[in-house]
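Protein chains: 2
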Amino acid sequence: MTRLSQFAAALAVATVAALPLAARASDPTDIIDYRKHVMKTLGAQSASMAMTLQGKAPAENFVLHAEALAIVASTALQAFKEKVEGGGSKPDVWAKWPDFEKRMTELATNTAALAKAAREGGVAAAGPKVQGALTCKGCHDIYREKK
Amino acid sequence: MTRLSQFAAALAVATVAALPLAARASDPTDIIDYRKHVMKTLGAQSASMAMTLQGKAPAENFVLHAEALAIVASTALQAFKEKVEGGGSKPDVWAKWPDFEKRMTELATNTAALAKAAREGGVAAAGPKVQGALTCKGCHDIYREKK
Chain A
1 MTRLSQFAAA LAVATVAALP LAARASDPTD IIDYRKHVMK TLGAQSASMA MTLQGKAPAE
61 NFVLHAEALA IVASTALQAF KEKVEGGGSK PDVWAKWPDF EKRMTELATN TAALAKAARE
121 GGVAAAGPKV QGALTCKGCH DIYREKK
Chain B
1 MTRLSQFAAA LAVATVAALP LAARASDPTD IIDYRKHVMK TLGAQSASMA MTLQGKAPAE
61 NFVLHAEALA IVASTALQAF KEKVEGGGSK PDVWAKWPDF EKRMTELATN TAALAKAARE
121 GGVAAAGPKV QGALTCKGCH DIYREKK
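One line per chain: the protein sequences are A and B, in this order. If you count by the working numbering, then the first sequence holds residues 1 to 147, one letter each, in order. If you count by the working numbering, then the second sequence holds residues 1 to 147, one letter each, in order.
One or more hints might be untrue.
Which copy is meant is left open, so a pair is good if it fits within one copy or across any two.
[Said to hold, decoys possible] Here are the simulated lysine to aspartate or glutamate pairs, EDC-like style, with alpha carbons at most 20 angstroms apart: (1) K116 - D92; (2) K129 - D33; (3) K102 - E120; (4) K146 - E60; (5) K81 - D27; (6) K146 - E106; (7) K147 - E85; (8) K96 - E60; (9) K36 - E60; (10) K40 - D30.
Note that these hints are calculated values from the structure, not bench results. Here the structure is a predicted model, which means the values were calculated and not measured.
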């Protein structure tokens, strides 16, 4: 399906507007695709935010990337809830779910706190929270297949 | 530079908190990397949002993806402002800048309206705005190198 026809299909569903709120994907490919989109966004937004702090991207975008990061981080745990192995995820995601859940919940909590600090106090307030929020590597070392 | 050391460097800059707001990247690699991160996010968040409307991802995440899309779309024009060819961008981005600028501004405006409608009225309100907001393909056909 091309991106354009995906959007057309999305629109068709959207205009019906009858999708139950609890709707869940059941196709394994969709489940893996969705969590890849979520993780790719987290990687791209973390990197973008880091670049704004390093003088490698417009500094005034720091807050925007922090906000986008927090929003998408809030979807990340849910994206893994259905046990579908593959797509770069180790089986331990589900075998050690309580630990995985704890880490993903912390990511959401910490990036939300980072975004709030960024919004209210800019880099000065949010800077000290950056390292604590970006726990990507610690989690990838355990739960992501080596590339 | 590994991602971890990038973050450490970012933190070091953040704690100094002395970065002037108008700081701009000047390294061509950084400029291209940054706009790739931005465009990759737009692609991933558009696709995620479409999946929520198609029943392929949790429907309740529709609003979150619409919000993330709008935030990152608001950084996109700026990410291309410095004329550095390459990274998949055709030279026409800068040769036809007024048209490119118009399109990127519309993307930001339309995704912001979509996110607002989603926030206030959910899929029923935002659905009819989806197709008009996601103008990715029209712009890519003109300004992105064929893969």
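Legend entry - Violations among the numbered hints: 1, 2, 3, 4, 6 and 8
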